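Chemist: Next come the chains, spelled out residue by residue.
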Amino acid sequence: MTSDILSPQSEAELAEAVAAANAPLSIQGGGTQGMEIANATRLSTAGLNGVTLYEPGALTLVAKAGTPVADISDMLAKKNQRLAFDPRDLRGVLGTKGAPTIGAVAAMNNSGPARVTAGACRDFMLGVRFVDGSGDIVSNGGRVMKNVTGYDLVKLMSGSHGTLGVLTEVSLKVLPTPEMAGVLLLNGLSDADAVAAMSAALGSPYEVTGAAHAQSGVDAHPVTMIRIEGFEESVTYRLAQLKELLGHFGDVAIATDPARTKAGWAWVRDCTVFEGKEGNLWRVSVKPSDAPGMVAKVAPENALFDWGGGLVWMVLPESVDPRAQMEGLQGHATLMRGEGHVRFHPEAPGVAKLTQSLRKKFDPRGILNPGLMG
Amino acid sequence: MELPTPDSFVLSRKSEIVATLQAVLPQGCVIDAPEEARAYECDALTAYRCPPLAVVLPETTEQVAAALKVCHQMNVPVVPRGAGTSLAGGSMPTSDSVVLGVARLTDVLETDYPNRFIRVQTGRTNLSVSGAVEENGFFYAPDPSSQLACAISGNIAMNSGGAHCLKYGVTTNNLLGVTLVTMEGEIVEIGGAHMDASGLDLLGVICGSEGQLGVVTEATLRILPKPEGARPALIGFDDNAVAGACVSDIIKAGILPVAIEFMDRPCIRATEAFAGAGYPDCEALLIIEVEGSDAEIDAQLARISEIARKHNPVELRESRSADESAKIWLGRKSAFGAMGQINDYMCLDGTIPVSELPYVLQRIGELSKNYGLGVGNVFHAGDGNMHPLILFDANKPGDLEKCEAFGADILKLCVEVGGCLTGEHGVGIEKRDLMSHQYTPEDLEAQMKVKDVFDPKWLLNPAKVFPLDTSESRRGAQGAAV
Ligand SMILES: Cc1cc2nc3c(=O)[nH]c(=O)nc-3n(C[C@H](O)[C@H](O)[C@H](O)COP(=O)(O)OP(=O)(O)OC[C@H]3O[C@@H](n4cnc5c(N)ncnc54)[C@H](O)[C@@H]3O)c2cc1C
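Residue numbers (my numbering), protein chains in the order written: chain E, 1 to 374; chain S, 1 to 482.
It is worth saying that the hints were derived from the structure and are not from the lab. Errors might be hidden in some of the hints.
[Unchecked claim] Taking beta-carbon pairs under 10 angstroms as the criterion, some of the chain S residues facing chain E (in silico):
{"hint": "1", "residue": "K252"}
{"hint": "2", "residue": "V314"}
{"hint": "3", "residue": "L316"}
{"hint": "4", "residue": "S321"}
{"hint": "5", "residue": "D323"}
{"hint": "6", "residue": "C420"}
All of these numbers come straight from a predicted model, not from anything done at the bench. Glycine included, each C-beta is placed from N, C-alpha and C at the ideal position.
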């Protein structure tokens with residue numbers, strides 16, 4: 001590991017640094033994800049900092065990639081707006097420090113509980129600027145909400161984890177922060193009943209904005225949480241309708257205290273329940289109705305079901321491989337923290353061939369986060 | 001509009017190519033008689049036509065793969081086709097190409113309400129996807145106005161939008177997975193019923209790639225529960241800038257309507273004369289629709305009206321019933337037809353930052369005077385997607401060219417103010433040569449690299465999207481023909 005750290009102060013400098021590099025680069029925003037590449041020069045985006053455009057009336061914000069997420073959230077909060085996809089802050093469970101950046105959120109397609117209805121980070125990305133592996137500066141998309149001009153490299157860059165290019169600027173669609181949030185709470189449900197209850201809620205016309213279930217919640221019992229957000233009259237009405245709809249699953253409690261609902265969803269979003277737990281942290285995306293069966297086979301100490309069951313978080317001993325229990329299921333498992341397994345789910349041959357060729361095209365010298373995605 | 005010189009070697013081998021395709025496909029799947037192939041000579045951009053070499057209409061994904069393998073081996077360009085309603089010339093053939101249509105692939109393969117998805121073959125029409133889940137209280141959200149005719153395959157290729165995309169997003173936001181057949185004839189599954197990719201988001205780049213990366217034969221689509229109800233308000237203003245400010249204030253107040261539609265005076269007058277919807281004669285008209293229960297709709301419309309009143313509207317009407325809603329929508333829905341009554345028209349599709357609306361409308365007005373051609377504006381005001389309709393006379397020599405030049409000026413203006421050339425119709429051949437106004441050579445190079453990966457020989461719909469001179473060296477590299 002070299003101790004150098006490259007800290008370009010502009011997009012042009014960053015492009016020069018990549019063009020001049022003759023060894024692997026480990027791209028770093030806040031460095032909070034524990035994804036550093038061994039034997040590589042660190043390339044920090046910290047020098048690319050600042051929101052360059054914010055138009056609340058058009059729901060658009062453009063920021064340089066190294067801008068801390070917290071700065072953006074603060075700026076949005078002043079106008080009663082927010083990042084609609086609710087990105088996760090995993091510093092607690094990953095045991096890392098630093099200020100997470102918007103570039104990394106985009107590079108990881110980092111989306112929280114709101115993803116189930118509102119959409120993922122990738123769905124709110126309107127444009128990107130990036131430097132590819134040859135040091136060329138590329139722009140794609142823009143700052144408008146509807147844009148089909150040419151190929152959508154914005155989506156390709158989201159979730160590429162720095163392996164196709166270093167993001168230098170991201171443009172996002174933001175949304176108003178709802179006036180109020182309310183939560184329906186069901187206690188003691190089995191995983192299967194919880195997923196069925198969440199599916200019923202998500203299949204209703206009441207626009208559920210979050211649906212999660214923990215085998216063992218804050219007070220060590222199973223808890224299922226369903227969120228409604230909006231104007232007060234709407235939230236009140238919808239909570240009542242849903243309470244009736246879900247009544248046959250068990251007692252339904254309603255919480256509308258702002259501090260409590262906020263804290264509860266932050267607990268889900270940031271996987272707080274796994275803080276301090278030893279073992280490998282896994283993130284598994286499957287069809288919701290497949291989740292309970294998969295989890296039963298893996299048999300973790302605790303499982304957190306987000307996205308109505310479509311996303312499962314588990315901490316497992318290194319010896320347990322959840323991928324072995326996904327035979328025949330659509331989906332994938334990512335190792336978020338720990339050892340003994342490759343981080344990203346191995347891809348089917350046809351897909352792997354395409355992704356490898358894409359990486360070769362955008363990073364012919366193989367210097368951008370090499371090895372991170374396989 | 002320039003088209004590349006057809007490959008004379010391919011043209012000279014027509015009978016051999018047709019025979020080889022016939023050998024791998026069931027009877028009746030290959031159309032080579034010129035009078036039948038002529039039906040595929042254009043899409044909805046009817047000003048441009050060119051009959052293809054032949055047409056194939058496979059009945060399964062495997063047959064699609066077999067046909068593509070043949071074309072790949074024989075270096076024959078392929079133009080994928082859904083229903084042929086593209087407004088950009090996306091499915092228009094070249095004379096040396098085989099049109100590969102998915103019109104016979106129309107089955108529903110799976111519907112899953114607990115997991116909220118439907119899997120269909122992509123030749124199925126957009127409206128019939130919603131139709132398949134309607135009885136269970138669900139719908140497929142992207143709803144282009146062509147939804148009765150257009151196919152899911154074309155929607156995916158163009159990343160089509162619709163009236164409700166302000167709230168529900170466009171095709172890419174509602175697409176979970178596809179079966180893609182590459183030009184080499186390989187069948188690849190991308191995505192599925194689960195959410196988001198683990199590795200690179202290939203699905204995201206396939207959506208909107210205008211039939212240039214592969215042929216999509218099956219798709220997993222997100223379906224949503226139908227809202228309890230929906231009703232619009234109609235608001236008229238004497239000034240475009242004030243209408244724009246009203247939209248911005250509504251959004252800033254935290255209200256998220258499903259649709260915010262805007263019409264300017266020429267458009268209002270044309271639709272009034274045509275449909276008599278009872279619109280006020282004013283400078284700018286907004287139709288804003290919200291969803292929910294009756295009481296929720298009332299509350300939201302009340303909030304919207306309160307904001308609108310601060311901007312001194314000349315007219316403000318909240319719909320109270322299905323009847324009133326239909327009346328409010330009547331004019332907007334007949335806008336294209338109304339303009340068509342006046343003359344031939346060309347429909348543009350640029351997007352602008354919403355704040356630039358007053359300036360852009362003023363400039364369009366000036367350009368209209370300079371060119372001596374009338375124009376009406378319909379606009380998805382929530383997301384900045386404009387549809388200027390330029391009137392011209394197809395029978396008058398030179399008018400089409402004048403109209404095209406006017407259209408190009410408007411699209412350049414969209415880019416100049418921070419927007420883009422196309423919001424939902426795609427680039428096709430129509431906007432191909434304007435791409436260098438929006439993108440640098442490096443930007444285009446990055447996009448073309450993606451095509452290099454999926455289609456190394458550049459045989460799939462090769463004459464589209466990229467300016468011909470930019471893509472020339474790649475298209476020329478296809479092999480035998482050079
Ligand atoms: C009256 C009218 C109204 C319209 N309104 C709207 C609107 O509101 N919103 C909107 O977004 N669009 C609208 N359109 C445009 C058009 O309907 C859409 O672009 C539509 O998605 C095209 O679908 P199609 O099946 O007709 O595609 P086609 O015209 O057949 O093809 C379109 C493109 O898709 C490619 N393609 C087709 N099938 C495949 C496949 N299987 N695999 C890969 N590529 C394929 C073609 O090569 C071509 O590039 C409208 C068009 C008309 C005529």
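Chemist: Which numbered hints does this structure break?
Modeler: 2, 3, 4, 5
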